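In order, the protein sequences belong to chains S and L.
First residue of the first sequence: 3, per this note's numbering; consecutive thereafter.
First residue of the second sequence: 3, per this note's numbering; consecutive thereafter.
Read the hints as simulated data drawn from the structure, not as lab findings.
Given the structure is predicted, the values throughout are model-derived calculations rather than measurements.
Incorrect hints may have been included.
[Stated by the list, open to error] Non-contacting residues of chain S with respect to chain L, defined by C-beta distances greater than 10 Å in every case (computed):
1. S13
2. G175
3. R304
4. L359
5. D957
[Stated by the list, open to error] Here are the simulated distance ranges between beta carbons:
6. L/D827 with S/D500: 55 to 63 Å
7. L/L495 with S/L93: 23 to 31 Å
8. S/R95 with L/P607: 44 to 52 Å
9. S/P678 with L/G86: 37 to 45 Å
10. S/P85 with L/L495: 35 to 43 Å
11. L/W729 with S/L93: 44 to 52 Å
12. S/P799 with L/P679: 56 to 64 Å
13. S/R539 with L/R145: 28 to 36 Å
Just so it is clear, CB atoms sit at the ideal spot from N, CA and C, and this is done for glycine as well.
2 protein chains.
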Amino acid sequence: MYAALEDERPSLFEEKRWLGKMIGWSLKHEDLRTNGLRFVDVFPALTTTAMLMEHLEEYFGPLTSLPGPLHWALNLTSKAGRPGSAALAGLVRYGMKKLGEQFIIGEDLGRAVRNLNRVRREGCAFSVDILGEAVLSETEAERYGALYSDLVEALQRAQREWPPLGSGGDGNGLDWGHQPRYSVSIKPTSLYSQARPQNFDGSVDAMLARVRGISEKVMAGGGALCIDMESYQYKNMSLELFKRLRSEFPANPHLSVAMQSYLRDTDRDLVDLLDWSESRGLPVAIRLVKGAYWDYEILRTRQNGWEIPVYSGKAETDAAFERHARLILEHHGNAYLACGSHNIRSIAAVMETARDLAVPDDRCEFQVLYGMAEPVRRLLTRVTGRVRLYCPYGKIIPGMAYLVRRLLENTANQSFLRLMFAEKTDILGLLKDPVQTAEEEAKGDAPRPEAFSFSNEPMADFARSEERDSFREALASVRQELGKPCPLFINGLDRVTDDVVPSLNPADPTEVVAFASQAGRTEMDEAIVAAQTAFERWRDTPPAERAGYLKRAAGWMRGRSYRLAAWQVLEIGKQWDQASADVAEAIDFLEYYAAEMVRLGGLHPLPSVPGELNQSLYEPRGVAAVVAPWNFPLAITTGMVSAAVVTGNCVVYKPSPLTPVIGHQLVEAFRAAGLPPGVFNFVPGRTEVIAEHLINNPLVTTIAFTGSTQVGLKIIENAALLREGQWTVKRVICEMGGKNAIIIDEDADLDEAVPGVLISAFGFQGQKCSSCSRVIVLEGIYENFLNRLVEAARSLPVGPAYDPAFVMGPVCDGQAKVRISRYIDLAAEEGTILYSGETPPGGNYVPITIVGDIRPEHRIAREEIFGPVLAIMRVKTFDEALEWANGTRFALTGGVFSRNPRSLDAARKRFQVGNLYLNRHITGARVGRQPFGGFKMSGLGTKAGGAEYLLHFMDQRVVTENTARHGFSPDIR
Amino acid sequence: MYAALEDERPSLFEEKRWLGKMIGWSLKHEDLRTNGLRFVDVFPALTTTAMLMEHLEEYFGPLTSLPGPLHWALNLTSKAGRPGSAALAGLVRYGMKKLGEQFIIGEDLGRAVRNLNRVRREGCAFSVDILGEAVLSETEAERYGALYSDLVEALQRAQREWPPLGSGGDGNGLDWGHQPRYSVSIKPTSLYSQARPQNFDGSVDAMLARVRGISEKVMAGGGALCIDMESYQYKNMSLELFKRLRSEFPANPHLSVAMQSYLRDTDRDLVDLLDWSESRGLPVAIRLVKGAYWDYEILRTRQNGWEIPVYSGKAETDAAFERHARLILEHHGNAYLACGSHNIRSIAAVMETARDLAVPDDRCEFQVLYGMAEPVRRLLTRVTGRVRLYCPYGKIIPGMAYLVRRLLENTANQSFLRLMFAEKTDILGLLKDPVQTAEEEAKGDAPRPEAFSFSNEPMADFARSEERDSFREALASVRQELGKPCPLFINGLDRVTDDVVPSLNPADPTEVVAFASQAGRTEMDEAIVAAQTAFERWRDTPPAERAGYLKRAAGWMRGRSYRLAAWQVLEIGKQWDQASADVAEAIDFLEYYAAEMVRLGGLHPLPSVPGELNQSLYEPRGVAAVVAPWNFPLAITTGMVSAAVVTGNCVVYKPSPLTPVIGHQLVEAFRAAGLPPGVFNFVPGRTEVIAEHLINNPLVTTIAFTGSTQVGLKIIENAALLREGQWTVKRVICEMGGKNAIIIDEDADLDEAVPGVLISAFGFQGQKCSSCSRVIVLEGIYENFLNRLVEAARSLPVGPAYDPAFVMGPVCDGQAKVRISRYIDLAAEEGTILYSGETPPGGNYVPITIVGDIRPEHRIAREEIFGPVLAIMRVKTFDEALEWANGTRFALTGGVFSRNPRSLDAARKRFQVGNLYLNRHITGARVGRQPFGGFKMSGLGTKAGGAEYLLHFMDQRVVTENTARHGFSPDIR
């Protein structure tokens, strides 16, 4: 095979053609490849010539690696003014269209059918898949379903003209005598917008309902249907969906499912599926591919700290592919193999294995992608006669994501196609047994040094059934414990008081979660004295030892993370994933501050001259008061408390009255860690007691507060007043409110921007200080963005957080419900309600609200609402957007969706917020990676989870030693 | 010579003797040598067995290199309890005595004379020098003078018994026929305690007055006198002193002066002296030595950033010695050479040169140190017959400093004695021409990389006459400019107002330094608006460009540092050195913050995972108000203003009403640097205006204040109150008062502790926030310390700062004088006045006051006085000392004089002050090396001149970019 292909080149690498030339250049220069791929990505959004020209300039202007002719073209047109631009823009558009046509079978049904006619004339079968944007709403999902319907009808009409392929047919009208003449591939998530791993069963049900209709239609016309495989998080859903679908149509063997050899799970999944098939007597067809989301899987799992589901080496995947193919071929009685690869070593291995196992021709076919590796396709057609092209169909513009994946596949360093056709790598390496290569590579793998010792705690990965089960069990267990008393904890002892406040389930405020004891003046004073007393020894406890307590507390939390999260679901209405993230963040704070304290402990060298030794050290300040909010009831609490404790201060901690039980979890964690009595004291209390007897106490040196700006400012004022007997100017570490904006630039990727805004604005009901409450949209993209946003919002299911089917739940309490409802009334007065959702009965629910026509002077644009109310503001320019974004008293988080480097750069420089997020949601800062906190009226500039945070809880001392004695100093000899 | 000596060993290296063994061990282990030398240094202070044992344990216990027998002895005695301790202590004391006797001719006159008899019997002449502690007061100087008197009388009596040495005598009773039979060496600073480089003429006059009397006495008895050379700062004084003395006794050729070949100056000095001698017809005798203060000179000059006066390589010094000796020998008609070296190459060179030049024997002699290099001495005596031993005389205990110098000399890596006798280095290298060695070494010298790019601005080195002259001229010039108006500076323009306040010379309050315009509400508002307006562009000016303005301002200051300092002498009464230090510190702040801003500017990487790029950046806050004190009128002002400006804020600066002219220097510096209008505004003003219209202005985001705790707390309170229209929580950067203590441990080196306390307590009249106002003394050393302290204080001359004769001057103004005087009255009530000095007439003078019997509860021990009033507190233990030291509301600076590692360690851990100094004065923190600032009521923990200072003027922003586009991220390929 190699010999037959050696002198051929697929069209993509054909240097004589301009596309081949471009690809060739990009293979030589990494930055050109990166920016080229990014340009392809943004191209669909460049609706005007001006935008196109600006992006060309921004993407390619600064590149020194830009090939001469392109550089020349860019320069020339910028000099030639508008006519030049128009000419270049025309050329670029033409080129992109040609690029699209390389991979896409057609933009409309007419052209698609014409091209399919040609494909069949060339002797190949096909399967058509519909390209498109991400499906973000049920409206979009329905539109997608309709497109499939039209496609199937068109194929049914067209097939009448198609003689079956292959000579082996027995006049049954089937290709090669055994396969339908048309085939459709489908991605389940394109038919249902709300599939989520934590809602596994609900998602599968909903997807099945949609797929079923199309299946019926396909089969009615005698066609074949393949369930495509997407990213790992949907893999199990897709397999389950396939099984249920297959069971519903027992007589139809032309239902197939794709499986990805790069997944470590696939060995097991394949055995499962073959077992299932045999036990049910339902033959299956499997499209075996290597997998096209490798980069994405790496990113997603590395970002979440999850186990990486894909093989890290290319050779491992190649070896798995051969292994999987063999397994399927071994079961050829029940299983039909569609071998999807362009790698001639893989293909040859399948052919040889099939021959060895005497697999009949009608149990196996070969698939390649339309527009790629044509020499391979031609060879396969010649040799096997059974080749199917995977043919994407749809508008080229929204199909760019597919294009990027294909270009990536062709140009990746390890790409077989690149190596075979563009780089002409040595044949032995290319055709070598991948098992051997993988083994050799494994030997060379030295453990890579960690960039920094701390790593984030992984959140629960609800794509894994065991994690869903654990969470469900924890919820059930916690439910058994509701309604108990929640005591104070002072000087190492529990303390129950007569004054008790109930904590309620926001989804059902008649349900009491616990009865929380309240500290009075006496208890508060006792706690402060206990802390002050414990301070003497605690301050002298070595930093590493203090860090040890935090690490033990982290271990305790890690051991019962589901339980801890389950309490959050019930006490404050966090969704599963939100609650799980909160617990993971609490663990992060413990581990991170422990590591930081070890780093900061001891003596640090300062610049010195001979005879002089300068060193600095940090020491604690004394009693610290921690006043925490309910919205990150464990994470923020743990952050503030652990920072104070590990730095050597002793803490008097007051949780929110809404979350005493979650606050009390820290008591348990530190008790389990063996923290000495008095170092940490837990004192829920009423506002007057906290203000008068905690904040104002002269023994309190440091106050850590996270909460509303109003309360924060009051604390700052009070802390600044000197009290009788006070020896230290109080320091306030303070995180307050936000009025956070996301800017949608004209070239934003709405597939990312719409879900990014949704999660930022409505995640945990918009009750995060980081939540998005303003979206500032450039007018060129306004309509398009808003339509998709409203439809996507409309698709969000609302209900109690303990049911993972719901994306949004109740707000924290009745007062909040009233307050937010008033803001919704105000929104209607100041602007135009674009969407107001339904709310379920009972519970503190408020409707998801999107309000348009909001301007900077409106209260809705200025005041923090802390609920699911989103203001939409329309601007003419990016500069105006920045100005509006900065035009509030707050400066906490902000976001920009843009693919224009100039806009991103402007935001980097001038978007005045503590945490700015580019092209992603604006909530969910991770400890260590995104030190969190704002300025202006949002906070005092401290950055929780950052390298400077612990410094606020300590004072720095400098020690200067004269090391010379009578002119003798050891450091100058 | 080498052959004759090859098999000999001086007694110090004699391995058969215990001392030789010890030296041998210490040569092998650097830490043993260091701690051994340090133990010798502290030994005199170990007055009890317990102290001795503790120090042995502390110094030698932790050393792994401790030789077996010593380790064993240490262990054994610690197990054997008190009798064991007593035994070991006895041994150690005996050993130290023996060590002392090795180098010291005698502890009393009787023994000294007996040993001198022996020396002469062995054929050597001698010169006796009296050892002793540092001379810190005139009382001590007088005592020293008396000792010399007694010595001379004893020698005169003794010489009657001594036949002259040498056979060449003609019966004139002279040794070798030309030298008196006794010789005395003298260090001029031992006879006058107040010699200071800036007061050159006054110091020489005073020293001459004391030396003259002894000279007369020595000559009357027919003896010789040598003026010894000490450290470089006194070198020119000693030469001047010698010339004047020599002129006063033209007939006496037996007055000699020592010169040090390791000084780069000596080539020139020698030519000068020989010229002088010839032109005056006054023959001179020169003791040529290499120099014994090499380490000290390196330390002193490196610490002050001065040019290093000594050769850095040993070979260069050796070469210089041969060159200098040749020059003297060439002038043998006028000059007599005493060749002081143990290096046989040097000695041989001198002998050969003398022969070449046919120098008569009576124009040259050889000197070696008593107790060192005996084989060399014996050989020289045999060969030349003209050898003089330099014989220290005095108590062994206080002579330990001499001992340390000698041990250092014997054990230094490059020591000839060590190489020759202990290490038996190869002969060729040892005897090689040093010129050649020096040239070879120079070739190998690569420029060493700087550890950090910033380096401190050198202060004026008043040991150099050109710097004294420049200062004097600047003072005269500035005097011509008194009485002019001092305008405001707003938005780049000078502004004169009707409301004017005069600034007065504290040494003569009738003298008006300038008339300072005062800002009213209108001007203040204008300044704030100007700053706010300038902010828009300034914040976007690149950090490196902003840093450039600071560097230019620094250059401007550097170019007129004498003038800037001279204004301080007149406007606020700083002494020359204090004023010069203030200007150098101002330059340091400009350079340091410029370098820091370049470091902090731009984007900084944060930990990131694939597909995510996290970066942080800092940005300015807006309008900053700077309120500065008068006591470091340029340095602190420049520090706060330049930090605010370089970080991108715009500044409204209010100087102290006492120092408007010095404050205005910053206007001039920034004007010269071309700073854009509005970025820096200068608005002296009355308290009400500042409070109401600057601090409380809602546009002010940041307030930098240095001054009293009372005012600081008021500012903190006011800044915390939210004002209408305020968008940012104000941040206060605040340095306030201190009540700083120095602890004198039982084993303190009083030679260091007494002057350290003096300069800390009375430097600039105690008007520094870092000044020492409490000394806490362990009772074991109390009497001794106090006697020396009071006498030393009594010796301090008080008068106007423009006359460099005075160490202390007037306090800042009349109000301060009244306030401090009230505290002195209170001191008399609460404690016992131990010393109260005289004050000159006129000017705001208050007496230097030392008050004893002060306890922690006294107001004198608790309140900041800010004047030359020092409280003495007596404690039983070091723990108690720490407790008392920490027992105030302040935590700014503190100091410990101790040679006990355990005490130093306890202080390091538990002495709660922002800046702790061990074994040195507690004022004079240097930018970059000693970041300065305190906590508790002394400040908010900010550290001026430290790596974290600029952060307070900025807010940190974190930018998180999702770098993945449709699963493609450049960072994971």
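Practice prompt. Just tell me: holds or violated, for the beta carbon distance of S/P799 and L/P679 against 56 to 64 Å?
Written response: holds (60 Å)
Worksheet item: Are L/L495 and S/L93 spaced within 23 to 31 Å by their CB atoms?
Response: violated (57 Å)
Discussion item. Checking a non-interface call: every C-beta of chain L should be farther than 10 Å from the C-beta of S/G175. Is that right?
Written reply: Non-interface label on S/G175 holds, nearest chain L Cβ at 39 Å vs cutoff 10 Å.
Fill in: Non-interface claim for S/R304, where every Cβ of chain L lies beyond 10 Å
violated (5 Å)
Discussion item. According to the definition I'm using, a residue is off the interface if its beta carbon is farther than 10 Å from all beta carbons of the partner; does S/S13 meet that for chain L?
Written reply: Since the minimum Cβ distance to chain L is about 22 Å, S/S13 lies beyond 10 Å and the statement holds.
Item to complete: Take a look at whether the Cβ-Cβ distance between S/P678 and L/G86 falls inside 37 to 45 Å.
Response: Given a distance of about 39 Å, which is inside 37 to 45 Å, the answer is holds.
Worksheet entry | Consistency of the no-contact label for S/D957, given chain L and a CB cut of 10 Å | Incorrect as stated: the minimum Cβ-Cβ distance to chain L is 4 Å, not above 10 Å.
Worksheet item: Given a hinted range of 44 to 52 Å, is it respected by the beta-carbon distance of L/W729 and S/L93?
Response: For L/W729 and S/L93 the Cβ distance comes to about 49 Å; the hint holds.
Worksheet item: S/R95 and L/P607, beta-carbon distance inside 44 to 52 Å?
Response: violated (38 Å)
Worksheet item: Is the Cβ of S/L359 more than 10 Å away from each Cβ in chain L?
Response: With a cut-off of 10 Å, S/L359 remains clear of chain L, as the shortest Cβ separation is near 36 Å.
Practice prompt. Return holds or violated for the Cβ distance of S/P85 and L/L495 against the range 35 to 43 Å.
Written response: violated (51 Å)
Discussion item. Taking 28 to 36 Å as the stated bounds, is the beta-carbon spacing between S/R539 and L/R145 within them?
Written reply: violated (50 Å)
In terms of the numbered hints stated before, the structure departs from hints 3, 5, 7, 8, 10, 13, listed from lowest to highest.
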